[in-house]
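Asks: Take the sequences, apply the hints, and build the full model.
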Amino acid sequence: MNYYKQQGCEEESHLSFLEVDDEGQVMRVVDIRPDSKEFPIVSSNVELLFPEGELDWEELIKDPDNPFPVCRISKDEFELQWQKNIRRNLERWNDIKGEYPLGSRVRGGIIQYAGSTVLVKIEPLVYGVVPMSSVLEGIRNFPSGPTHFRVEGIVHGHDETNQWLELEKTTFFPELFPIGTKPRFTENCP
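Residue numbers for the sequence shown follow our numbering, so the first one is 19 and each next one is one higher.
By construction, these hints were calculated from the structure, which means they are not laboratory data.
For clarity, every value in this text was computed on a predicted model and none was experimentally measured.
Where hints are given, some of them may not hold.
[Claimed, not checked] Each computed DSSO-like pair below joins lysine-lysine, with the alpha-carbon atoms no more than 30 angstroms apart: (1) Lys-115 to Lys-102; (2) Lys-115 to Lys-93; (3) Lys-23 to Lys-102; (4) Lys-187 to Lys-93; (5) Lys-93 to Lys-23.
[Claimed, not checked] The calculated label-pair distances, taken between Cβ atoms and stated as ranges, are: (6) Leu-33 to Asp-81: 11 to 21 angstroms; (7) Leu-120 to Arg-90: 23 to 33 angstroms; (8) Gly-116 to Asp-81: 43 to 53 angstroms; (9) Asp-83 to Arg-110: 17 to 27 angstroms; (10) Phe-86 to His-174: 36 to 46 angstroms; (11) Leu-33 to Asp-83: 32 to 42 angstroms; (12) Leu-108 to Pro-149: 21 to 31 angstroms.
Ideal placement from N, C-alpha and C gives every residue a C-beta, glycine not left out.
Replies: Below, the structure is given as C-alpha coordinates:
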(Lines of atoms letter the chains of each structure in order from A; the text may use other names.)
(Lines give C-alpha, C1' and ligand atoms only; values in the text may rest on other atoms or scores of the structure.)
Protein backbone atom coordinates (compact mmCIF):
# COMPACT_ATOMS: atom_id res chain seq x y z
CA MET A 19 0.00 0.00 0.00
CA ASN A 20 0.98 3.61 -0.57
CA TYR A 21 -0.17 6.63 1.41
CA TYR A 22 -0.78 10.19 0.25
CA LYS A 23 -2.09 13.53 1.41
CA GLN A 24 -3.90 15.74 -1.08
CA GLN A 25 -4.83 19.38 -0.53
CA GLY A 26 -7.55 21.63 -1.88
CA CYS A 27 -9.69 19.32 -4.02
CA GLU A 28 -12.90 21.22 -3.27
CA GLU A 29 -11.71 24.16 -1.21
CA GLU A 30 -8.33 25.39 -0.06
CA SER A 31 -8.64 24.01 3.49
CA HIS A 32 -9.83 20.57 2.28
CA LEU A 33 -7.39 17.73 3.07
CA SER A 34 -7.63 14.11 1.99
CA PHE A 35 -5.56 11.27 3.41
CA LEU A 36 -5.53 8.30 1.03
CA GLU A 37 -4.52 4.65 1.16
CA VAL A 38 -3.81 3.46 -2.39
CA ASP A 39 -3.04 -0.09 -3.51
CA ASP A 40 -0.14 -0.96 -5.81
CA GLU A 41 -2.38 -0.63 -8.89
CA GLY A 42 -3.35 2.94 -7.99
CA GLN A 43 -6.85 2.16 -6.69
CA VAL A 44 -7.97 4.17 -3.66
CA MET A 45 -8.85 1.78 -0.82
CA ARG A 46 -9.53 4.11 2.13
CA VAL A 47 -9.90 7.88 2.41
CA VAL A 48 -10.34 10.33 5.25
CA ASP A 49 -11.56 13.76 4.13
CA ILE A 50 -11.15 16.77 6.40
CA ARG A 51 -13.18 19.84 5.47
CA PRO A 52 -12.80 22.38 8.29
CA ASP A 53 -14.75 25.10 6.44
CA SER A 54 -17.82 22.92 5.96
CA LYS A 55 -20.44 23.45 8.66
CA GLU A 56 -22.46 20.44 7.53
CA PHE A 57 -19.68 17.84 7.32
CA PRO A 58 -16.44 19.16 8.82
CA ILE A 59 -14.87 15.70 8.82
CA VAL A 60 -16.03 12.95 6.53
CA SER A 61 -14.82 9.39 6.24
CA SER A 62 -15.17 8.41 2.62
CA ASN A 63 -13.58 5.06 3.22
CA VAL A 64 -15.77 3.32 0.68
CA GLU A 65 -16.89 6.02 -1.69
CA LEU A 66 -15.34 5.73 -5.12
CA LEU A 67 -13.87 9.22 -5.24
CA PHE A 68 -12.00 8.67 -8.49
CA PRO A 69 -14.45 7.06 -10.93
CA GLU A 70 -11.83 6.93 -13.65
CA GLY A 71 -10.25 4.11 -11.63
CA GLU A 72 -6.55 3.63 -11.21
CA LEU A 73 -4.39 6.75 -10.97
CA ASP A 74 -0.65 7.16 -11.11
CA TRP A 75 -0.16 8.95 -7.80
CA GLU A 76 3.58 9.35 -8.29
CA GLU A 77 2.88 11.29 -11.49
CA LEU A 78 0.44 13.54 -9.61
CA ILE A 79 3.17 14.32 -7.07
CA LYS A 80 5.60 15.32 -9.84
CA ASP A 81 3.10 17.25 -12.00
CA PRO A 82 3.78 21.00 -11.57
CA ASP A 83 0.42 21.79 -13.20
CA ASN A 84 -1.60 19.71 -10.74
CA PRO A 85 -3.90 22.24 -9.00
CA PHE A 86 -4.37 19.87 -6.05
CA PRO A 87 -0.99 19.21 -4.41
CA VAL A 88 -0.29 15.57 -3.54
CA CYS A 89 2.50 14.34 -1.29
CA ARG A 90 3.54 10.93 -0.01
CA ILE A 91 2.98 10.27 3.71
CA SER A 92 3.78 7.37 6.02
CA LYS A 93 1.41 4.56 6.87
CA ASP A 94 1.55 5.76 10.49
CA GLU A 95 0.39 9.25 9.50
CA PHE A 96 -2.53 7.79 7.53
CA GLU A 97 -3.49 5.39 10.34
CA LEU A 98 -3.43 8.26 12.86
CA GLN A 99 -5.99 10.16 10.76
CA TRP A 100 -8.01 6.98 10.16
CA GLN A 101 -8.20 6.16 13.88
CA LYS A 102 -9.15 9.74 14.77
CA ASN A 103 -11.95 9.49 12.24
CA ILE A 104 -13.14 6.11 13.56
CA ARG A 105 -13.32 7.55 17.10
CA ARG A 106 -15.09 10.66 15.83
CA ASN A 107 -17.77 8.54 14.12
CA LEU A 108 -18.25 6.08 16.99
CA GLU A 109 -21.61 7.49 18.10
CA ARG A 110 -22.97 7.35 14.54
CA TRP A 111 -21.57 3.81 14.15
CA ASN A 112 -23.31 2.68 17.35
CA ASP A 113 -26.58 4.14 16.02
CA ILE A 114 -26.10 2.24 12.74
CA LYS A 115 -25.50 -1.03 14.63
CA GLY A 116 -28.70 -0.38 16.59
CA GLU A 117 -30.66 0.26 13.40
CA TYR A 118 -29.14 -2.78 11.65
CA PRO A 119 -28.77 -5.54 14.27
CA LEU A 120 -27.59 -9.02 13.37
CA GLY A 121 -30.22 -10.76 11.26
CA SER A 122 -31.54 -7.56 9.66
CA ARG A 123 -32.42 -7.72 5.96
CA VAL A 124 -30.86 -4.91 3.95
CA ARG A 125 -30.56 -3.85 0.36
CA GLY A 126 -28.27 -1.48 -1.41
CA GLY A 127 -26.07 -1.11 -4.45
CA ILE A 128 -22.50 -2.14 -5.22
CA ILE A 129 -20.31 0.96 -5.27
CA GLN A 130 -16.78 -0.45 -5.33
CA TYR A 131 -14.87 -3.64 -5.96
CA ALA A 132 -11.95 -3.64 -3.52
CA GLY A 133 -9.66 -6.62 -3.68
CA SER A 134 -11.31 -9.65 -2.08
CA THR A 135 -14.39 -7.69 -1.00
CA VAL A 136 -17.17 -5.69 -2.57
CA LEU A 137 -18.54 -2.57 -0.92
CA VAL A 138 -22.26 -1.88 -0.85
CA LYS A 139 -23.92 1.45 -0.09
CA ILE A 140 -27.11 0.79 1.87
CA GLU A 141 -27.98 4.41 2.47
CA PRO A 142 -25.97 7.61 2.99
CA LEU A 143 -23.15 6.89 5.47
CA VAL A 144 -24.24 3.23 5.87
CA TYR A 145 -22.10 0.66 4.08
CA GLY A 146 -21.89 -3.10 3.87
CA VAL A 147 -19.19 -5.48 2.73
CA VAL A 148 -19.60 -8.77 0.84
CA PRO A 149 -16.84 -11.28 0.03
CA MET A 150 -15.89 -11.18 -3.66
CA SER A 151 -16.48 -14.95 -3.89
CA SER A 152 -20.15 -14.43 -2.99
CA VAL A 153 -20.48 -11.73 -5.61
CA LEU A 154 -18.88 -13.81 -8.35
CA GLU A 155 -21.16 -16.73 -7.50
CA GLY A 156 -24.20 -14.44 -7.39
CA ILE A 157 -23.62 -12.69 -10.72
CA ARG A 158 -22.16 -15.49 -12.85
CA ASN A 159 -25.44 -16.13 -14.70
CA PHE A 160 -25.89 -12.49 -15.69
CA PRO A 161 -24.53 -11.08 -18.93
CA SER A 162 -21.42 -8.99 -18.47
CA GLY A 163 -21.84 -5.27 -18.65
CA PRO A 164 -23.43 -3.60 -15.64
CA THR A 165 -20.95 -2.84 -12.91
CA HIS A 166 -23.63 -1.79 -10.45
CA PHE A 167 -25.89 -4.43 -9.02
CA ARG A 168 -28.69 -4.16 -6.53
CA VAL A 169 -27.81 -6.32 -3.53
CA GLU A 170 -30.06 -7.82 -0.88
CA GLY A 171 -28.67 -9.66 2.10
CA ILE A 172 -28.64 -10.26 5.83
CA VAL A 173 -26.41 -8.54 8.39
CA HIS A 174 -24.28 -11.24 10.01
CA GLY A 175 -21.61 -9.03 11.60
CA HIS A 176 -20.36 -5.54 12.33
CA ASP A 177 -16.84 -4.68 11.11
CA GLU A 178 -15.57 -2.46 13.93
CA THR A 179 -12.34 -1.60 12.12
CA ASN A 180 -14.01 -0.02 9.10
CA GLN A 181 -17.50 0.60 10.54
CA TRP A 182 -19.20 -1.52 7.87
CA LEU A 183 -22.02 -4.04 8.06
CA GLU A 184 -20.92 -7.57 7.09
CA LEU A 185 -23.48 -9.16 4.76
CA GLU A 186 -24.27 -12.79 3.98
CA LYS A 187 -26.94 -14.75 2.09
CA THR A 188 -26.76 -12.12 -0.61
CA THR A 189 -28.78 -11.96 -3.81
CA PHE A 190 -27.73 -9.80 -6.77
CA PHE A 191 -29.88 -8.10 -9.40
CA PRO A 192 -28.35 -6.57 -12.57
CA GLU A 193 -29.89 -3.13 -12.36
CA LEU A 194 -28.98 0.23 -10.99
CA PHE A 195 -30.36 0.68 -7.51
CA PRO A 196 -31.39 4.10 -6.23
CA ILE A 197 -29.44 4.28 -2.97
CA GLY A 198 -31.36 5.41 0.08
CA THR A 199 -34.82 5.03 -1.42
CA LYS A 200 -37.67 3.64 0.65
CA PRO A 201 -38.91 1.11 1.46
CA ARG A 202 -35.90 -0.79 2.69
CA PHE A 203 -35.73 -4.02 4.66
CA THR A 204 -34.85 -3.66 8.32
CA GLU A 205 -36.86 -6.47 9.89
CA ASN A 206 -35.08 -9.35 11.55
CA CYS A 207 -34.96 -12.59 9.60
CA PRO A 208 -35.89 -15.95 11.11
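Asks: Hints first: check each against the structure and report whether it holds.
Replies: Cross-check of the supplied hints:
{"no.": "1", "hint": "Lys-115 to Lys-102", "in the structure": "holds (20 angstroms)"}
{"no.": "2", "hint": "Lys-115 to Lys-93", "in the structure": "holds (29 angstroms)"}
{"no.": "3", "hint": "Lys-23 to Lys-102", "in the structure": "holds (16 angstroms)"}
{"no.": "4", "hint": "Lys-187 to Lys-93", "in the structure": "violated (35 angstroms)"}
{"no.": "5", "hint": "Lys-93 to Lys-23", "in the structure": "holds (11 angstroms)"}
{"no.": "6", "hint": "Leu-33 to Asp-81: 11 to 21 angstroms", "in the structure": "holds (19 angstroms)"}
{"no.": "7", "hint": "Leu-120 to Arg-90: 23 to 33 angstroms", "in the structure": "violated (40 angstroms)"}
{"no.": "8", "hint": "Gly-116 to Asp-81: 43 to 53 angstroms", "in the structure": "holds (46 angstroms)"}
{"no.": "9", "hint": "Asp-83 to Arg-110: 17 to 27 angstroms", "in the structure": "violated (38 angstroms)"}
{"no.": "10", "hint": "Phe-86 to His-174: 36 to 46 angstroms", "in the structure": "holds (39 angstroms)"}
{"no.": "11", "hint": "Leu-33 to Asp-83: 32 to 42 angstroms", "in the structure": "violated (21 angstroms)"}
{"no.": "12", "hint": "Leu-108 to Pro-149: 21 to 31 angstroms", "in the structure": "holds (26 angstroms)"}
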